[in-house]
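*Asks:* Dock chain B against the given chain A, drawing on the hints supplied.
These protein sequence lines map, in sequence, to chains A and B. Under this note's numbering, the first residue of the first sequence carries the number 838, and numbering increases by one thereafter. Under this note's numbering, the first residue of the second sequence carries the number 838, and numbering increases by one thereafter.
Hints were generated in silico from the structure; no laboratory data involved. Incorrect hints may have been included.
Note that identical chains are pooled: a pair holds if it fits in a single copy or bridges any two copies.
Claimed, not checked - PhoX-like mimics (lysine-lysine), calculated; alpha carbons at most 25 Å apart, straight line:
1. K1229 to K1026
2. K1032 to K1167
3. K1229 to K999
4. K1203 to K1229
5. K1277 to K1026
6. K1121 to K1140
7. K1061 to K1140
8. K1170 to K1277
9. K1026 to K999
10. K1140 to K1122
Every value quoted in this text rests on a predicted model; they were computed, and no experiment measured them.
Protein chains: 2
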Amino acid sequence: MTESKESFAEISPADFFYRNRDIAGFTNPARAIYAAIRELVENSLDACELYQVPPEIYIRVSSESTAAKEGPAIYRLRVEDNGSGVPPEYIPSAFGQVLFGSKYRIRQTRGTFGLGGKMAILYGQITTHRPVRVISSTGPRIYEYELIIDIQRNRPVVLSKKVYGNGNKWHGTVVDFALEGDYFRAMAKILEYLKETAIVNPYANIMAVDPRGRLYRFDRVTEKMPLPPQETLPHPYGTDVETIRRLMYVTECRDMLSFMTTHFHRVGRTIARRFLEFAGIGIKKKPKTLTPNEIVKLVQALKTFDGFLPPDASCLSLLGEDLLRAGIEKELKPEFIAVDQRKPSAYSGFPFVVECAIAYGGGVPKTGDIILYRFANRIPLLYDEASDVSWKVIHTMINWRHYRITPDMPIAVFVHVCSTKIPYKTVGKEFIADRPEVEKEILNGIREVARQLSIFLSRRESIEREKRRLDVFSKYLPKIAKFTTELAGREREPDIQPLLRSIVKYGPEEEGD
Amino acid sequence: MTESKESFAEISPADFFYRNRDIAGFTNPARAIYAAIRELVENSLDACELYQVPPEIYIRVSSESTAAKEGPAIYRLRVEDNGSGVPPEYIPSAFGQVLFGSKYRIRQTRGTFGLGGKMAILYGQITTHRPVRVISSTGPRIYEYELIIDIQRNRPVVLSKKVYGNGNKWHGTVVDFALEGDYFRAMAKILEYLKETAIVNPYANIMAVDPRGRLYRFDRVTEKMPLPPQETLPHPYGTDVETIRRLMYVTECRDMLSFMTTHFHRVGRTIARRFLEFAGIGIKKKPKTLTPNEIVKLVQALKTFDGFLPPDASCLSLLGEDLLRAGIEKELKPEFIAVDQRKPSAYSGFPFVVECAIAYGGGVPKTGDIILYRFANRIPLLYDEASDVSWKVIHTMINWRHYRITPDMPIAVFVHVCSTKIPYKTVGKEFIADRPEVEKEILNGIREVARQLSIFLSRRESIEREKRRLDVFSKYLPKIAKFTTELAGREREPDIQPLLRSIVKYGPEEEGD
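For reference, chain A alone in the conformation it holds in the complex (with noise of 0.2 Å):
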C-alpha cells in the first residue's frame, strides 16, 4: 500500500448524528421506539409548562404492516399535545434541521440538547423513507406540513404546507410520522417510562393507544402547574473566554461596571465593583477595548474571585416533598416513606438542587437489592442505571449496614436532580455524571432518608419485640389467675386487665407511626 494522501470531507450535523445514531440513543430498533415516543413527550411537556397550561398528551402507535408481533416491523407514531404551538415560520426548521431550537438557552428544560426531537424524525426516515407530518398552532391559524430532512445539507425540505381556520382556538402541537421499531420488546419500559412520567408530572393527563389498541391512561391529580422555567443569566464561575467575547459583542454597556450588573448571574453594584478591583480591571472601561489579554485575565479573576453570590435556585422547578411523597404513596403503597429536599447547590455555575426519597415495605417489591428510581428535571431515567452517579453512590459509598438495612429488604429509592443543565453524559440523556458537587448532595440525600428509614426500622423492631413479650403474660396471666382463684378456693377471678394495661410501653395511638 502506498497511498499516502487522505481524503477529506466535510459533513452536516444532520450527517454526523445520522453517522452516530448510538451516542443519541438510536441504538436498535426496540431503544429507537423508547427514544422516540420519549423525546417527543417530553417536548410536548416542555411546551405546555412555557404555555402554563395543564398537558393533555395522547401518543398512539400503530402497526403499520400486518407481520408477525415479534421483531422489527414498521410502526407509526403520533404524539399529539396543547402546548404552545411552534409559530408556522419556524416549523420546517424546528422539525428537519438539527441544531436548530428554542432549548440553547440557561434555564431547566427536559429537553438540553436540542436534539432528540429530530433524531426521531431523522430515524424514522432512513428507516422507512416516508415523510414526517406536523401540525401545530399557536392560536390564530392551524398549519400542516409534509416534510423530510435533506441529511446531507442538513435543511427541510418541505413537500406540501395547507393552513386552515381555527375557530376553536386550537393550540397544541401533532407530530406523526412512520419509524421501523420493535414496539412489543420496549412495551414494558415504553410503559413503565409513561408511569414515572405520570407520577412526577401529576398535572398532566397522558393517554396512549398501543398497536393492539389497548388503552393506557394517566389521569392528572391536580391543576396546579409548576412556574414556567425562567432564564437565567450566566454565573460568573461558569464563563470562559468565549462567553465573554460573544458578550462583549453584543453589549451595549459603555462601562465595565454596567457589563457585570447586566450579563451576570446575582451581580450587583457593590459585588462588581469589589470584583473588578479584585481583578485589576477598571470600572469605567469600556467593555470593547477589552484586549485578548484583558478578556483571559477577566475569565481567570471571574473563576478565583470569591465574593461572587452562590447561583440562584428559585428558576429551578422543584418536585417538592409532598408530590414526591404522594407520587410515590399511589405508585408502591409502601409501609415507610421518607422524603428529603437538598438545599440548593451549584456546579460550574449551574444551580441544581437533589431531592431523595426512600420507601420501604407495603407494595415494595423485593428483588434481592435496592430498587433506583431515576428522575432529572421531571423525567425518568430507565436506561444504563449502573453508569449513574445515583448508582455509584447506593452501590458504593453507603454502607447500608450501618443503617440496618440489607439488600434483602424490599426497599425502593428515588433520586430527582433539577437544573438548569443536567450533566448528562450522553446525547440519549440517560445517565447524569458523577460531577463531585452533585455525587454529595445525592449521598447526603440518601444518607438522610436512610438514617429515617432505620429509626422506623429499629422502633419497629422495639415494637415487636414488645408485642411478643405481652402476648406472653396475656396468654398466661388469665390462666395464673384461675390457678391461684382456685389454690385460695375463691370463687371470683381478680381483674387482669389494669396490670396487662400497666406494662405496655407502647399506646395504640403510637401503633401506627
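*Replies:* Same frame as chain A, now just chain B:
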C-alpha cells in the same frame, strides 16, 4: 408569566460541542488536558499508520504561568509526528472546523468522530483566547498556519500563513497551542495512557516532556508496521434507506446486479442474483428508477436475506497473540499468561475481532479485585471503566469460583476490541456499549483464558502438594537408611537416590511449565 412565544435559533456544530463539551470528555481542567493529549496522539498514530512509517511521536507540555504546581493553570501543548501530513489546502478546515475531516469512512482508525483534535483546539481557545499553530508537510514544502475557530460560524479564521522549503523532505504534523489544564491532577492518567499506548503500538517511539522537564521515553521494540487500515464497502446488513438513496445518487451502475456487486461488501454475482430474486427486484432494473417504496422493500430485504457472507475481518489490524503476550510480559512480568484471539464476528454489518488475555502473579499487583485493561483499535481506555461492556462481563457474567479464581489473587484481564466502528457510547470514546454480539465474544474470550489459568493453578497446586510429599521423603529416608544400616550391622548405607527419583511425579523439565 404570560410569555408564550418561544424564540428559535440555529447553532453551529462547533457551538453545539462548545456548549456540550462534557459529552466529548472535556469536563474539567484535569480531564481536558488528558483528553487533549490523547486525541492528538491518536490522530498522530493514525497519520503514521496511513503513511506506513514507524511513528515518532513527541509530546511536550510546558507551563505558561509561574503559578503554583497545583490546580488549574495555563499550559502549552505541542504534539509532533512524522505521519502523512495534511495537504496545505485542508489545514485550516482540518484543524479549525468541526465535522470536517478524513475519518468519515468505513475503516479501522483510532479516531471515529473526526472531532477530538478540534475539541482540544477549541477548548484551548475558549480557555486562553489564543490561536493554534499548525505546521505540516506532505513532502514538497512545509506550511505553517496560525488560526482560531469562529465558533458561532464553525469556520477557521487564518491569522497567518508561512511557507518554507523542505530540503530534508520532512513530512508530518506539529500542533502547538495553549490550554487551561490541571496537569498534575491528570499526570498519573496521562502517563498510564502513554504506557499502555506503547504496549499496543510496539512499533512506535513515543517521547514526552512534562512541565517539570522530565522526559518519558517509550521506545519501539519492532519496526514491523501493521497494514494501513483498509476502507471497506458497507455490509448489506448495516444498510438503511439513506445509504441506498446516497448510492443511487452517485452510482454509475446501469442495472441492479452491478449495483449490488459494486457497492456492497462481499456481494458477488451469484449472491446478488439470489438476493434480487428474494427481494423481488429485477436484475436489469435501473438503480436510479427505484421508487421510495421499492427502496424500503430493498432495505428490508437486505436485512432479512440470510444468504450474505459475514463481514470480512481482513480489513482489521489486530494485535495478535504474540504481541499481546509480549506487551503484558514486558509490563507486568507475570507468572502466567494466557491469550485468546476470537474469530471475526460482526454487529450491524461492522466486522470486529476481540482479543483477550489473562495474567497471574509476578508483577501483577494484588488489589482485592481483578484488574481490567481495556483497549479499542489499539488505544487504551482509562475512564468510566464500570460503564464498559468488559466490566459488565467480568463482574456480572462470569462465575470466577468456577475457575478457582478469587478476587484477592493478583489477576489482570486484558480486552482489545478491533472494528471498523467501535460502538462507543460517548463522543469522548471512554467506554464500549454492550452490543450483544460484542458482549458474547468478550465473554467467550475471557472464559477461555480463565479456563487456561484455572488449569495452571490446579496443576501448580498439585506440584506444590507433591513437593511437600517429596520433602518429607527426602528428610526422613536418609535417617531411616542410616538407622536400618546400623540395626543390620552393615557399614555402607544403601543409595536412596533411585528410590527418591522413582516417586517423583513431575520431572524437573516440567517444572518450568
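*Asks:* Does each hint fit the structure? Answer for all of them.
*Replies:* Against the structure, the hints come out as follows:
{"no.": "1", "hint": "K1229 to K1026", "result": "both (22 Å within a copy, 21 Å between copies)"}
{"no.": "2", "hint": "K1032 to K1167", "result": "within (11 Å within a copy, 55 Å between copies)"}
{"no.": "3", "hint": "K1229 to K999", "result": "neither (51 Å within a copy, 52 Å between copies)"}
{"no.": "4", "hint": "K1203 to K1229", "result": "both (21 Å within a copy, 23 Å between copies)"}
{"no.": "5", "hint": "K1277 to K1026", "result": "between (29 Å within a copy, 24 Å between copies)"}
{"no.": "6", "hint": "K1121 to K1140", "result": "within (22 Å within a copy, 68 Å between copies)"}
{"no.": "7", "hint": "K1061 to K1140", "result": "neither (39 Å within a copy, 49 Å between copies)"}
{"no.": "8", "hint": "K1170 to K1277", "result": "neither (29 Å within a copy, 40 Å between copies)"}
{"no.": "9", "hint": "K1026 to K999", "result": "neither (36 Å within a copy, 58 Å between copies)"}
{"no.": "10", "hint": "K1140 to K1122", "result": "within (20 Å within a copy, 65 Å between copies)"}
Checked against the numbered hints given earlier, the structure breaks hints 3, 7, 8 and 9 and satisfies all the rest.
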